[in-house]
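A.B. asks: Protein sequence lines correspond, in order, to chains A and B.
Numbering-wise, my numbering puts 83 at position 83 of the first sequence, and it's gapless, one number per residue.
Numbering-wise, my numbering puts 220 at position 220 of the second sequence, and it's gapless, one number per residue.
Hints may be right or wrong, so weigh each one.
What the hints assert, rightly or not - Cross-link-like lysine-lysine pairs, in silico, DSS-like; alpha carbons within 25 Å at most:
#1 B/K39 with A/K98
#2 A/K35 with A/K223
#3 B/K163 with B/K39
#4 B/K163 with B/K176
#5 A/K98 with B/K202
#6 A/K144 with A/K223
I should point out that these hints are in silico values taken from the structure, not numbers from a laboratory.
Note that this is a predicted model, so its numbers are computed, not measured.
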Amino acid sequence: MRTGVKTAPVIDISVDRLAKSYGDGPPVLADLSFKVRQGEAVALVGANGTGKSTLLRCLMGLTLPSAGSLAVLGIDPAFAGRRELRALRAQTGLVSQKHNLVPRLSVLTNVIHGILGQRGGPTVWSQTFATDAIRMRAMAALGKVGLADLADRRADRLSGGQSQRVAIARALMAGPRFLIADEPCASLDPSAEEDVMDLFFRLVREEGVTVVFTSHNISHALKYGDRVLGLARGRLQLDAAAIDLGTADLRGLYD
Amino acid sequence: MTDLPARLERPSALAFVVYALAIALLVWSFDGAGWSAEKLLRAPPALADFWSRAWPPSTQNLPRLGWKMVETLQIALAGAALGAVLAVPVAILAARGLIAGRVVNTLVRTVLGFLRAVPDIAWALVFVVAVGLGPFAGMLAIMVDTLGFCGRFFADDMEAVDKGPAEALTATGAGKIDVVACATIPGAMPSFISTSLYAVEKAVRSSTILGLVGAGGIGIELKVGFDLFDYPTALTVILMIAVVVIGVEQLGVWARNRIIGEQR
Ligand SMILES: Nc1ncnc2c1ncn2[C@@H]1O[C@H](COP(=O)(O)OP(=O)(O)OP(=O)(O)O)[C@@H](O)[C@H]1O
Ligand SMILES: [Mg+2]
């Protein structure tokens, strides 16, 4: 804990007997239970199609679980009303493999959009109308990812690595307490991937953000995660501290 | 050697009946359309007569006709611009999965379908009754027609936009309207522009005949030309319309390439 005081750890996320199937299809997730402490970085690993993204989408309330219960920052997104859900999401952020920037808008405008959870309306739709305070905050976020000089570049004229950094700046803009990262760097070349992962985890650790991320790179899961959750066919097969694990322990998940 | 499939499938009994019905339908339609070989044979001499009386096109009234053409373009541009702007909020209500529920989507789409189904000349007649003769009635007719057209296609454009950015903003707690304004509309903008340019082309084509019912523009000159047997003037009007419509279409192609070509 960053406080350094020995108190009971704050639980940011708790998942209890969660199950999910799409429509009448087979269960994608079954009987999942785990807890994530505040400030912890949890790596979610497993083969393609084992339900990692589905689990993350459940945590964000982007899709509804079929059974079980969830608490994310004290709120169950499945049962939260619209207001409550927005209040929850205002404290969370999402970084995914596709950076999902709005292509025709400037980098700065895209970063400013990160604040939409806290305040909406035309003054934050574009950097042109934003207040100086917000523009400065966005520039600071861009500075943290080292891209302040690209603020007025159009988002679709960035390289993959730059786009991903901007997406990170956007996610940090709101000062989130919990970030979800779904294969945040999977589309980057290996050296850019390393750089962006380093940057991302340096920033989230600095700000004490809780992170759940997925990666198909086993060594990344071990390097950046405090804890590793292994999924196989929608069930939790592994839940251990990263320092206690070797790559061989994770290979078994992919059989 | 493998057997190639037959080039023509042998029609089933049902297919045969369908073909026979289709042919009967066509014959019946030609009959209803008053098909007459005799009239068709008489047409070329009559046309030649018209042509000899119309040629050369009159240049006498060119300034007046020119101003009428300018008015026509003004009607088209003003009506199309107003219709396209109004179409944005309407399309947001019509697009599935943006802010409104299914019932509202269907309702709005039905109304837009109605706006499109009524021909522009009929809208012009309605607005002549409502606001009197003149270009204002024509502009309103073009506006309604454009609203029906753009409203539907803007909605389709927004439904087709990549959902990723919208989802990323939703995940930070952005409200629906903010998501539409920040992700969906910017994403659909190239399609909006393309659709709007097409709407302007369509509006110019429509506005040239609105004058036939007294809703302003050059159409009135065409009607007067024919009514007074002033065929040279009528021919001038027809040629002017053709030139302007083709010109606007070319301009549209150029603008589309210019504005969105490089961004795609
Ligand atoms: N919207 C959906 N509708 C129906 N089935 C879905 C949907 N989304 C995912 N699935 C199915 O759920 C299963 C789990 O998908 P999910 O995307 O969660 O896997 P994943 O672990 O993230 O895989 P990957 O490593 O390839 O990203 C897959 O079989 C997938 O086909
Ligand atoms: Mg996935």
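A.B. asks: Does each hint fit the structure? Answer for all of them.
C.D. replies: Cross-check of the supplied hints:
1. B/K39 with A/K98: Status violated; Cα separation ~66 Å.
2. A/K35 with A/K223: Distance of about 20 Å is within 25 Å: holds.
3. B/K163 with B/K39: Roughly 59 Å separates the two Cα atoms, so the pair is violated.
4. B/K163 with B/K176: holds (13 Å)
5. A/K98 with B/K202: violated (38 Å)
6. A/K144 with A/K223: Holds: A/K144 and A/K223 sit about 22 Å apart, inside 25 Å.
Hints 1, 3, 5 from the earlier list are contradicted by this structure; the remaining hints agree with it.
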